[in-house]
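Trainee: Let the hints inform the model, and build the full structure from the sequences given.
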Amino acid sequence: MCRVAGSLLGAPYNCPPAPYETAFLLDEYLRGRGVRYAIELVVSTPLPMTLPAAGPGNSQFVAEALKDWVIELLTGQRIQAIDVDTRIEYSTGGEEEW
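Mapping to our numbering: the sequence shown position 1 is 1136, numbers consecutive.
One should not assume that every hint holds.
Here are the computed distance ranges between Cβ atoms for each label pair [as the list claims (entries may be wrong)]:
#1 Ile1174 <-> Val1219: 29 to 37 Å
#2 Pro1187 <-> Tyr1225: 22 to 30 Å
#3 Met1136 <-> Gly1192: 32 to 40 Å
#4 Pro1183 <-> Ile1217: 30 to 38 Å
#5 Tyr1225 <-> Gly1192: 31 to 39 Å
#6 Arg1213 <-> Ala1153: 13 to 21 Å
#7 Tyr1225 <-> Gly1167: 13 to 21 Å
#8 Gly1192 <-> Asp1220: 24 to 32 Å
#9 Leu1144 <-> Trp1204: 16 to 24 Å
#10 Glu1156 <-> Gln1215: 36 to 44 Å
#11 Asn1193 <-> Arg1213: 19 to 27 Å
#12 Asn1193 <-> Val1219: 15 to 23 Å
#13 Gln1215 <-> Pro1154: 28 to 36 Å
#14 Gly1192 <-> Ile1223: 30 to 38 Å
By construction, these hints were calculated from the structure, which means they are not laboratory data.
Cβ coordinates follow ideal geometry from the N, Cα and C atoms, glycine included.
Mentor: Right, dumping it as structure tokens:
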């Protein structure tokens, strides 16, 4: 299984919905190619929710839509470093192997 991750690297972010929209578009593209089953999609953000400026209700709506589309959401995750040789990401949430 391949893993594709999109991460917000800091805040404030000029277009908060963009990473989530990108994840949905990528999901649609991969489904169209017939390979979505083989690719795990992940979106991480250092923020406590998807869209803090839009409020908890809208943030929950986006989080549930991601879950429905089987796109993993990691909140409160600030990327510290990525080792491209070992394919390991180091973040505030711990160590993730990609």
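Trainee: So which of the earlier hints does this model not fit?
Mentor: 1, 4, 7, 8, 10, 12 and 13
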